[in-house]
Amino acid sequence: MLKPTKMTRVMIAGTKDLVVPTISALHNLNVLHITDYSEETEHFKIGRPLKTASKLSEYLLSLRSISNQLGISEKESGIKKSTKELPSHIDEKITALQQDVSSRFDELRGIEFKIKEKEDLASSVKPFFGLPLSFEAYNGYETVKVYAGYIDANIESNLSRITKNYELFTGEYEKRKIFALFIPLVFADEVQKLLQDERSYVELKIPQLKGNPPVILDELEKEISALHEKHASIKSELENIKKEYSEFIIEADEYLSIETQKAEAPLRFATSPNAFIIDGWVPSRNFDEIETKLQESTGGLVYLTKIDEEVKEEDIPIELENPTLAKPFELLIDTFATPKYGEIDPASVLFITFPLFYAIMLGDVGYAIIVAAMAYIIKNKFKTGGLNALALILFLSSILSILFGFIYGEFFGFPIFNVVVHGELEHGLLGIAGPAIAGIHLPVHRFGEVQSLLLLTLVIGIIHILLGLVIGFRNHVIEHGLKHAIFAKGSWMMILIGGVMAIAKLMPAVMSKLPVPTNDPVFAVGGGLAIIGLILLIAGEGFISILEIPTLLSNVLSYSRILAIGLSSAGIALAVNTLSMNLFIKPGGVLMGKGVVLALVGVVILFIGHLINLLLGILGPGLHSLRLQYVEFFTKFYEGGGKKYVPFGYNRKYTEE
Amino acid sequence: MVADAGMIAIGAGIAVGLAGIGAGMGEQAIGAAAVGAMAEDEKFFGKGLLMTVIPESIAIFGLVVALILLFVFNA
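Quick mapping for you: the protein sequence lines, in order, are chains A and B. So the mapping is simple: the working numbering equals the position in the first sequence, first residue as 1, plus 144. So the mapping is simple: the working numbering equals the position in the second sequence, first residue as 1, plus 21.
Take the hints with a grain of salt, since some may be wrong.
Claimed, not checked - Label pairs and their in silico Cβ distance ranges: (1) A:Val-669 with B:Phe-65: 46 to 54 angstroms; (2) A:Gln-242 with B:Met-59: 34 to 42 angstroms; (3) A:Ser-232 with B:Phe-65: 41 to 49 angstroms; (4) A:Val-666 with B:Met-59: 45 to 53 angstroms; (5) B:Met-59 with A:Glu-363: 48 to 56 angstroms; (6) A:Ser-206 with B:Phe-65: 28 to 36 angstroms.
Unchecked claim - Taking beta-carbon pairs under 10 angstroms as the criterion, some of the chain B residues facing chain A (in silico): (7) Lys-68; (8) Leu-70; (9) Ser-78; (10) Ile-81; (11) Leu-84.
Unchecked claim - Derived pair list, reagent style SDA-like, types lysine to any residue, alpha-carbon separation capped at 20 angstroms: (12) B:Lys-64 with A:Leu-534; (13) A:Lys-657 with B:Val-93; (14) B:Lys-64 with A:Leu-763; (15) B:Lys-68 with A:Gly-529; (16) B:Lys-68 with A:Thr-482.
Source of the hints: derived by calculation from the structure; they are not laboratory data. Virtual Cβ for every residue (Gly too), placed ideally from N, Cα, C.
Just chain B, same shape as in the assembly (with noise of 0.2 angstroms):
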């Protein structure tokens, strides 16, 4: 059992840190094109700011795979 709550902590953690590196991937080229955008136009901030964060999505998946793991296999 305890072999299992430690191959269980792992997952998570795989799963936590390869979403997030999926999603910094994904955020990197829309981060650089908002400055750009932002750079000629400053009105694009809020627009810029949204952009950015719709890759987190893969983050959040990573890290609901991870809430299920350590919540509910684990408990």
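The shape of chain A in the complex, shown without the other chains (with noise of 0.2 angstroms):
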């Protein structure tokens, strides 16, 4: 918690002949971050893979592009399978089966052509269905040219001018004209000019074949569907090998995926003609275990020892460590920046102050159970990974609105207790006065107690940008010394506190048009406690520094988003009860007393006017007080810039050795 984990940098040699045991043992432990060696000299150079590498790549290629055409995808792990015995029978397992599937699939590809070049042929075939010919009776003249096509105009005067030796068939084919026509092959180009002219001319290709359009279209037909059926066939084939060997493809990718890891693990180590060097990090709690284990292995002939050189942070691996209920909350550092090894990590922080700012903003008990029931679907449809952490996020942020919905009286934005609002008496749905908690009258109603929460939020807003400049204070003095921390850091502090208890005392006065109460001890402190902090700050840091100080003010004034944003979203609700219930309550209390129709009209709008006020009560909040965090609480301590720690091995999902 609020570090990361303890690292500690090992380097193992040995001589060649270990190097295959002492990877397979590392990458079993799965628990080393190597440093890739790059810096080649006179001695050492980075090391080859091993010699199975290309034939293993070479299989996990073609495997992968099997299981890209079958289309296969991750399934949900269950036994995972030993591995003992797929070595011995993988090569001609994944020659088979890729034979088996190119060739069907290029069968299939095939037959696609086949059966487009078909169904062409058909179209091409079903205009001459309107004419009275055979297929022979178009083709095979020397000296006849046969035109063909659609054809609204008569074109016989204007081609009687051309020639009288002519003939000339028509039809009709889906309502359009059409013609084929005979004429000497001398009067070509002619007749191509005139019923080019022809603006509603269409040309047909005459297929090349014999006998009657309809017969011809029949066995067309015929000849395609027997393809269809013949697509079908290899289809369910591919299927059934699918079924047959999605088992052993995903374990084999696997298998496959570990060994090529292993066979490559030397090109990141420093080799020289005999002997291997790997440098690499691993947490100081498993250092124990990976000595043991490695000795066990290579029967104690491999060397390790832990170095204990000055580094520069940035090279240290980091693996965040948090309790398991902060877990999802790395998620949100992850995403601004991997920590510094030095460096605070605020996970736990978060854990505590991004659901509280979610609550204070939603704080509606019906949008927050809404919300709560789709995180928690989303986290059990989503085991691992980033949107499972965004679940357990959104689900514990939208536990704790539900109690903040209790506090300030708000179901969907209809109120829950009795409550007297400006001087007006709001009925609430449970009929009764809330309870008195802690000297406090519940509920706190939000649009009631605008001042008194405004002042709340600036106050929240005080005390975190406080634990950021603590935070930053740690960091500074862990890095540079406690000096250069009170100048970077305590200024800033002293400046925030005495500030706000200088503003305190001189608001009121000033708004009710008193003197600036220079006697008050308060303004006094606080007024001295700023100008020292102001000199520290221009000590340290120059006189520029003086430009950041509205940037303080706006941090601060930064936090007025959580009242903000929900004044604006229990206003939405309002907004749309009020309409809805309008129109299907009468004045008087009547249901339904303007009309059915109306009375609809107003269930929409209560339906789509709640729906879209959620989707922003997930979306504002949520983003507004990851806002806060990464801009105004983050930016106080937060450098970042470490590397993530990613151990040499693999996490089995489906296979064990």
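With the hints as a guide, dock the two chains, each given alone in a separate frame, to form the complex.
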């Protein structure tokens, strides 16, 4: 909690004949973050992959292409299978599978091409149904030219001007006039021109076929349907292959991924002609484990040692470490930046502040219950990854929102308890006055208590920013020493605390036109503190830093969004309710007093209005709560720039050794 | 007093309206850039969305001024 996992740098050295067992042992442990070796020297070069690497990656490539073609997707992992027998038959199985699958896919493509061809032919045959000729009549002339096509106009008069020696057949196909024209070849050019001048002319290609059009079409359709059948049967064969082999493919994929990873590992080592050296990091708690396991599997012949040499913080890999409940909030940290090794990891702080801000903003029992239910469903649907973490964050936040909903007394914008607002009594859903808890009478009505809630949000802001500065102070002490920390962060704390004290006394006086309360000890101490802070700031960071003081003010004021977002959401809910209630209840209290139609309109407004407000209610509070963390809080201490801890290994889902 | 209430309401409206326009002008550039970044890498969605709401502070300051006018000065 609050700090990344403690890391120890290790160096492993051994002779080359031990490289395989070393890699195996390290891969199984899945704890060593290997630092890639990059500078080649006279004695040490970057290692070469194991001999098996190229073969393995070739297999993996063909397996992935098969799995792609068959459309195999990852499934829920069930029982992990042993991979002991896999190496003995993986070669022939993949080769056979590839032949089976790719030959079938080739065949499928061939059939699809043929179907397309036949269908094109069929559609070019169809128009000739309109003409009383069989296809022999159109083809095979030496001195006669044949034209066929659609045409609306009568061309015979124009045609007879060119020649009287022609034969014209006309008919109809799908309500369009169709013709076939036979003329001596010598007039072909003139007739072509004549036809092309006719706007309605559309040329038809004459298929090189023999027989009657309907008979030919019938044959073609039979062939096409036979092809379709064949296509379907090959598809079902592929489906069977998929069913039979999908388990093997998924397992083999994992096995090959692991083996390839192992075989390519030496690329990250430094090697001499006879030895290898691995440089890396392990979480300190795993050091003993890695030592014993490594010695076991190499017979104690590999040398392993801790290195205490000073390194740059940025080079130490970071693994965040937080309690289960705060774990999802690491997602928000990673989205911003991975912390550096010496820095505070603020995930546990976000665990408190993020849901709190969210809940104060949303604060409606009805909306919060729906958001909680949605988050719960998403959490159960996606067991791992970013979406799961997000759903958990949303779930925690919405549970807290239910509590704040009770405090505000809001249920889908309706009041829960009877309450007097601005001198008028609002009737609550429960019909009773709210209870009093710890001296506060519930509900705290958001529209009734704007002034005090606004003040509360600013106080929250001041505390949050101060917390940020305190963490920043701590980070600075560790990284640059106490003096620097006082100049850089202590000065800001003094300005903030002193400024708040002074302004708290100054504002009421100015508002009621009284003189500046110089005699007030709080004002004097606050003002003094702020001035000392300012001097320290200028001493530490120069005059230019004065320009940053307004930023502090706008940072504090920015927290007023906690109230503003909530009020706008409550306002929309109130507007939707008022609008729809007026439509289905007459002022006298009669249900549907304005007619069924208006009552239905009211229901639609109620439904759509609350739906939109609900979506805004997830997005608005979520984003703005996050923004307060990132912009107002993190900027006070967070630098980031660490690199993530990626251990050498594999999280097996389907196989085991 | 009625005239005062009216002036306060108009003032609140101007505060929200102008602040909204300001925030919109800020957001348009960021939004366009965020969509551009997302076109290259979809993983940018979360960061892009967050950056797009940063100028929304301006709108919220306007809203807060309006709230103070309506609920504090009007009461």
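To see whether the hints hold, each was checked on the structure:
1. At about 48 angstroms, the CB distance of Val-669 (chain A) to Phe-65 (chain B) agrees with the hint of 46 to 54 angstroms.
2. Restraint check, Gln-242 (chain A) to Met-59 (chain B): a C-beta distance of roughly 37 angstroms satisfies the suggested window 34 to 42 angstroms.
3. Taking the beta carbon of each, Ser-232 (chain A) and Phe-65 (chain B) are about 46 angstroms apart, inside 41 to 49 angstroms as hinted.
4. Checking the proposed 45 to 53 angstroms range against Val-666 (chain A) and Met-59 (chain B) shows it holds: the Cβ atoms sit about 51 angstroms from each other.
5. Take Met-59 (chain B) and Glu-363 (chain A): their Cβ atoms lie about 54 angstroms apart, and the range 48 to 56 angstroms holds.
6. Take Ser-206 (chain A) and Phe-65 (chain B): their Cβ atoms lie about 34 angstroms apart, and the range 28 to 36 angstroms holds.
7. Hint status for Lys-68 (chain B): holds, given a least beta-carbon distance of 7 angstroms to chain A, under 10 angstroms.
8. Nearest Cβ of chain A to the Cβ of Leu-70 (chain B): about 7 angstroms, under the 10 angstroms cut. The hint holds.
9. The closest approach between the C-beta of Ser-78 (chain B) and any C-beta of chain A is roughly 6 angstroms, which is under the 10 angstroms cut-off, so the hint is satisfied.
10. With a least beta-carbon distance of about 4 angstroms to chain A, the hint placing Ile-81 (chain B) at the interface is held under the 10 angstroms criterion.
11. Hint status for Leu-84 (chain B) relative to chain A: holds, with the closest Cβ pair at about 5 angstroms, below 10 angstroms.
12. Taken as a hint, the Lys-64 (chain B) and Leu-534 (chain A) pair is honoured in the structure, with Cα atoms around 15 angstroms apart against an allowance of 20 angstroms.
13. This hinted pair checks out: Lys-657 (chain A) and Val-93 (chain B) have alpha carbons roughly 18 angstroms apart, not beyond 20 angstroms.
14. Note on Lys-64 (chain B) and Leu-763 (chain A): the hinted pairing holds, with a Cα-Cα distance of about 18 angstroms set against a maximum of 20 angstroms.
15. With a CA separation close to 17 angstroms, the supplied pair Lys-68 (chain B) and Gly-529 (chain A) stays within the 20 angstroms bound.
16. In summary, the hint linking Lys-68 (chain B) to Thr-482 (chain A) is supported, as the alpha carbons are separated by about 15 angstroms, within the 20 angstroms threshold.
Violation of the numbered hints given earlier is absent; every hint is satisfied by the structure.
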